[in-house]
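Quick note, the sequences are listed as chains U and E, same order.
Numbering of the first sequence is given in my numbering, commencing with residue 115 and proceeding in unit increments.
Numbering of the second sequence is given in my numbering, commencing with residue 115 and proceeding in unit increments.
These are calculated hints, taken from the structure and not from any lab test.
Source: prediction; values computed, not measured.
Glycine included, every Cβ here is placed at the ideal spot set by N, Cα and C.
Treat the hints with care, since some could be wrong.
As the list claims (entries may be wrong) - Restricting the straight-line Cα-Cα distance to at most 25 Å, the calculated cross-link-like pairs of lysine to any residue (SDA-like) are:
1) K218(U) / F143(E)
2) K134(E) / M115(U)
3) K158(U) / I164(E)
4) K203(E) / K217(U)
5) K341(U) / K217(E)
6) K461(E) / F143(U)
7) K165(E) / Y440(U)
8) K218(U) / L349(E)
9) K217(U) / T419(E)
10) K430(U) / D138(E)
11) K116(U) / Q224(E)
12) K217(E) / L349(U)
13) K165(U) / K430(E)
14) K380(E) / Y440(U)
15) K134(U) / K430(E)
16) K134(E) / K218(U)
17) K218(E) / K461(U)
18) K165(E) / K218(E)
19) K206(E) / K461(U)
20) K116(E) / G145(U)
21) K158(U) / L421(E)
22) K217(U) / K341(E)
23) K134(U) / K341(E)
24) K217(E) / K430(U)
25) K134(U) / V231(E)
26) K430(U) / A179(E)
27) K461(U) / F143(E)
28) K158(U) / T419(E)
29) K134(U) / L421(E)
30) K158(E) / A432(U)
What the hints assert, rightly or not - DEER-style ranges, computed between Cβ atoms:
31) P327(U) / V329(E): 41 to 51 Å
32) R441(U) / D248(E): 51 to 61 Å
33) N239(U) / T298(E): 44 to 54 Å
34) G176(U) / N390(E): 28 to 38 Å
35) M115(U) / G375(E): 14 to 24 Å
Claimed, not checked - Which residues of chain U face chain E? A few of them, derived with a C-beta cut under 7 Å, are:
36) A137
37) E152
38) G188
39) S357
40) S405
2 protein chains.
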Amino acid sequence: MKRVYNFSAGPAVLPEAVLKEAADEMLDFAGSGMSVMEMSHRSKIYDEIIKEAESNLRRLAGIPAEYKVLFLQGGANLQFAMVPMNLMKNKKAAYIITGEWAKKAWQEGQIYGEAVVVASSADDNFSYIPDCQDLAIPADADYLHYCENNTIYGTKFWQMPNGKGKPLVVDMSSCFLSEPLDITKYGLIYAGAQKNFGPAGVVTVIIREDLIPEVCLPGTPTMMRYKTHADAASLYNTPPAYSIYICGKVFTWLLAQGGLGAMKEKNEKKAGVIYNYLDKSTLFKGNVRRSDRSLMNVCFGSGNTALDERFVNEAKAAGFDNLKGYRTVGGMRASIYNAMPIAGVEKLVDFMEGFEKKIKG
Amino acid sequence: MKRVYNFSAGPAVLPEAVLKEAADEMLDFAGSGMSVMEMSHRSKIYDEIIKEAESNLRRLAGIPAEYKVLFLQGGANLQFAMVPMNLMKNKKAAYIITGEWAKKAWQEGQIYGEAVVVASSADDNFSYIPDCQDLAIPADADYLHYCENNTIYGTKFWQMPNGKGKPLVVDMSSCFLSEPLDITKYGLIYAGAQKNFGPAGVVTVIIREDLIPEVCLPGTPTMMRYKTHADAASLYNTPPAYSIYICGKVFTWLLAQGGLGAMKEKNEKKAGVIYNYLDKSTLFKGNVRRSDRSLMNVCFGSGNTALDERFVNEAKAAGFDNLKGYRTVGGMRASIYNAMPIAGVEKLVDFMEGFEKKIKG
Chain U
115 MKRVYNFSAG PAVLPEAVLK EAADEMLDFA GSGMSVMEMS HRSKIYDEII
165 KEAESNLRRL AGIPAEYKVL FLQGGANLQF AMVPMNLMKN KKAAYIITGE
215 WAKKAWQEGQ IYGEAVVVAS SADDNFSYIP DCQDLAIPAD ADYLHYCENN
265 TIYGTKFWQM PNGKGKPLVV DMSSCFLSEP LDITKYGLIY AGAQKNFGPA
315 GVVTVIIRED LIPEVCLPGT PTMMRYKTHA DAASLYNTPP AYSIYICGKV
365 FTWLLAQGGL GAMKEKNEKK AGVIYNYLDK STLFKGNVRR SDRSLMNVCF
415 GSGNTALDER FVNEAKAAGF DNLKGYRTVG GMRASIYNAM PIAGVEKLVD
465 FMEGFEKKIK G
Chain E
115 MKRVYNFSAG PAVLPEAVLK EAADEMLDFA GSGMSVMEMS HRSKIYDEII
165 KEAESNLRRL AGIPAEYKVL FLQGGANLQF AMVPMNLMKN KKAAYIITGE
215 WAKKAWQEGQ IYGEAVVVAS SADDNFSYIP DCQDLAIPAD ADYLHYCENN
265 TIYGTKFWQM PNGKGKPLVV DMSSCFLSEP LDITKYGLIY AGAQKNFGPA
315 GVVTVIIRED LIPEVCLPGT PTMMRYKTHA DAASLYNTPP AYSIYICGKV
365 FTWLLAQGGL GAMKEKNEKK AGVIYNYLDK STLFKGNVRR SDRSLMNVCF
415 GSGNTALDER FVNEAKAAGF DNLKGYRTVG GMRASIYNAM PIAGVEKLVD
465 FMEGFEKKIK G
């Protein structure tokens with residue numbers, strides 16, 4: 115069996131221990147005589163799986179009782195519409211634009227009302243996070259939406275925007291569970307699982323109960339009302355049952371690793387190894403403002419397209435996969451989510467140093 | 115390793131060969147050094163997986179080029195809204211009500227326009243299929259919607275409704291790929307994978323290209339436009355990648371079994387074993403009109419709630435799981451989808467005969 119170091123931005127590397135357990139349980143989960151894929155979502159045994167996943171997630175992220183945890187389908191992309199359909203009562207909301215996904219969320223918001231851009235870093239290809247401490251948020255805005263970690267560009271909000279009392283609605287797809295967080299500061303958090311805590315096909319929504327409306331915008335499908343899923347504890351219809359089971363295993367793994375505090379330490383260490391090298395390299399440099407660097411997605415390049423391509427190919431041959439940067443950015447991107455071991459990052463930097471020596475002599 | 119005979123209505127039994135392959139490939143798919151769960155959906159290797167799944171499905175079901183095949187999220191439940199949002203141009207459509215899911219589709223249709231009931235079997239607890247050869251379909255109806263196989267009640271349309279020229283939109287969740295079909299007779303077919311061909315979390319939509327609208331009803335989310343997914347070959351956003359990979363394996367397995375003709379033969383044989391027994395039993399009897407019996411979901415009971423419960427419990431202890439009927443029906447339901455082996459059905463009938471002898475003496 116071969117395993118590479120997989121730097122994919124998502125779907126992304128999962129803990130090997132989780133995959134091994136899943137393989138072992140594939141034909142017979144816990145003596146049930148069936149795979150989790152084959153289980154009725156109304157069965158007692160599956161109910162335990164989904165309830166345990168939720169309770170471990172609550173413990174891990176310190177989610178208070180007044181927040182609902184939902185496991186939904188359609189990814190962050192469907193949340194771009196579900197958020198305004200549920201929350202845009204005044205048909206107005208504020209959006210911060212710090213990358214492609216933040217922009218897509220804003221564009222989708224415009225279908226449902228006035229989606230006001232209150233800050234943007236589009237002027238410099240999203241290479242920084244704008245100052246968001248004194249934004250001109252309309253008084254009747256229903257919420258302030260932003261994307262905490264920008265997967266494509268490699269930036270992160272290290273200071274929370276000042277929402278001036280409006281509920282903060284945050285896309286945390288690429289940083290959720292990578293460090294401790296204070297849930298009570300947010301109105302709604304959503305995160306696709308396929309970056310930091312599971313396979314594609316499930317998006318986790320954490321929503322303060324009082325924000326769940328009885329009535330949504332006209333034309334909202336039943337499946338897109340948060341209330342539908344909150345009232346049914348994510349079992350209104352058949353959920354993405356197997357994906358939730360894998361997420362549950364990742365939650366258990368994260369708890370065993372020491373929880374989010376330990377993950378933060380590990381993630382800072384991993385990112386530090388690459389950024390420290392980039393800061394002294396004469397071949398490669400990081401793409402974004404130092405103070406806004408992401409711990410999850412490290413974007414860098416040599417400034418020479420052909421050389422970048424050669425690097426990506428040679429790295430792949432050496433067992434470091436999926437290092438190519440996003441097409442609107444170019445260069446390289448090393449996504450180093452929770453499940454990427456420190457050894458993977460250290461070996462990558464060894465490889466980069468070797469490559470640099472070969473080029474620069 | 116223990117395996118039971120799993121009669122769950124969905125998520126349901128999968129071919130053991132598929133599960134074994136999935137387990138073997140869990141940590142390293144085809145020498146890639148990663149699980150399919152960990153693969154970028156934009157990678158070459160995943161592209162081959164999804165393209166092969168689609169082409170095998172096309173071959174299996176004889177899907178002509180002028181039909182698009184989409185792998186989407188949200189299950190049949192989200193299709194209940196997606197169909198009218200895309201197709202209800204005249205804000206009017208006809209619905210046939212033959213069970214809970216058909217009814218839910220109709221209720222959802224009412225959010226978007228006039229959803230006219232043109233036939234129903236609600237008067238006798240959905241125990242039969244109404245005559246649908248001369249329905250009063252409004253002249254300006256955009257489509258006729260029905261559910262071909264009614265999972266909860268155990269009935270099936272053996273004669274196609276006469277749509278009087280309107281596109282037929284059909285929920286085939288619990289019978290798709292159980293027998294050959296003529297795709298050209300339908301406008302749109304949708305089917306959740308978790309009954310007959312895969313795990314939960316993916317719904318397959320087959321839609322005639324000319325029915326895909328440029329413009330949907332106002333307020334339709336980008337993710338709920340068929341065009342969004344058709345233009346991107348189901349890769350507009352991160353798809354439920356692992357679930358599609360498992361579906362692909364089931365398609366390959368179905369082809370190896372001899373395709374849908376062979377499946378129909380096997381499914382008729384399996385259903386025959388149970389129905390023949392029911393027809394001569396003095397303890398159990400089938401719930402529905404004989405001519406409308408489903409090959410996939412066999413609903414039956416003794417007429418005595420306590421005895422039914424005892425049967426379900428003793429059957430479970432003997433290795434026949436998930437035989438309890440749906441709460442609105444009671445009694446028992448044996449779902450015997452493609453992956454249920456003939457031996458499972460034969461042994462179940464042996465068990466039922468033994469139970470009958472014990473009770474009746």
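Taking the hints in turn, this is what the structure says about them:
1. K218(U) / F143(E): Violated, because 33 Å separates the two Cα atoms, which is more than 25 Å.
2. K134(E) / M115(U): holds, 16 Å
3. K158(U) / I164(E): The hint is violated at about 33 Å.
4. K203(E) / K217(U): Not OK: K203(E) and K217(U) at ~30 Å, beyond 25 Å, violated.
5. K341(U) / K217(E): Judged against 25 Å, a Cα distance of about 21 Å means the pair holds.
6. K461(E) / F143(U): Measuring from Cα to Cα gives roughly 23 Å; hence the hint holds.
7. K165(E) / Y440(U): holds, 22 Å
8. K218(U) / L349(E): At roughly 16 Å apart (the allowed maximum being 25 Å), L349(E) and K218(U) satisfy the hint.
9. K217(U) / T419(E): Violated, at roughly 57 Å.
10. K430(U) / D138(E): holds, 24 Å
11. K116(U) / Q224(E): With Cα atoms ~53 Å apart, K116(U) and Q224(E) exceed 25 Å; violated.
12. K217(E) / L349(U): holds, 19 Å
13. K165(U) / K430(E): At roughly 24 Å apart (the allowed maximum being 25 Å), K430(E) and K165(U) satisfy the hint.
14. K380(E) / Y440(U): violated, 49 Å
15. K134(U) / K430(E): Between K134(U) and K430(E) the Cα gap is close to 29 Å, so the pair fails against 25 Å, i.e. violated.
16. K134(E) / K218(U): At roughly 40 Å apart (the allowed maximum being 25 Å), K218(U) and K134(E) break the hint.
17. K218(E) / K461(U): violated, 55 Å
18. K165(E) / K218(E): violated, 32 Å
19. K206(E) / K461(U): Given pair K206(E), K461(U) is violated - Cα atoms ~62 Å apart, limit 25 Å.
20. K116(E) / G145(U): holds, 6 Å
21. K158(U) / L421(E): The given pair, whose Cα atoms are some 22 Å apart, holds under the 25 Å limit.
22. K217(U) / K341(E): holds, 21 Å
23. K134(U) / K341(E): Outside the cut-off at roughly 39 Å; violated.
24. K217(E) / K430(U): It is violated: about 53 Å lies between the C-alpha atoms, which goes past 25 Å.
25. K134(U) / V231(E): violated, 51 Å
26. K430(U) / A179(E): Judged against 25 Å, a Cα distance of about 37 Å means the pair is violated.
27. K461(U) / F143(E): Satisfied, since the Cα-Cα distance of roughly 23 Å is no more than 25 Å.
28. K158(U) / T419(E): holds, 21 Å
29. K134(U) / L421(E): violated, 43 Å
30. K158(E) / A432(U): holds, 18 Å
31. P327(U) / V329(E): 41 to 51 Å: violated, 28 Å
32. R441(U) / D248(E): 51 to 61 Å: holds, 56 Å
33. N239(U) / T298(E): 44 to 54 Å: holds, 49 Å
34. G176(U) / N390(E): 28 to 38 Å: violated, 59 Å
35. M115(U) / G375(E): 14 to 24 Å: For G375(E) against M115(U), whose Cβ atoms are near 39 Å apart, the range 14 to 24 Å is violated.
36. A137: holds, 4 Å
37. E152: holds, 5 Å
38. G188: holds, 5 Å
39. S357: With a closest approach of 6 Å, the S357(U) hint holds.
40. S405: violated, 29 Å
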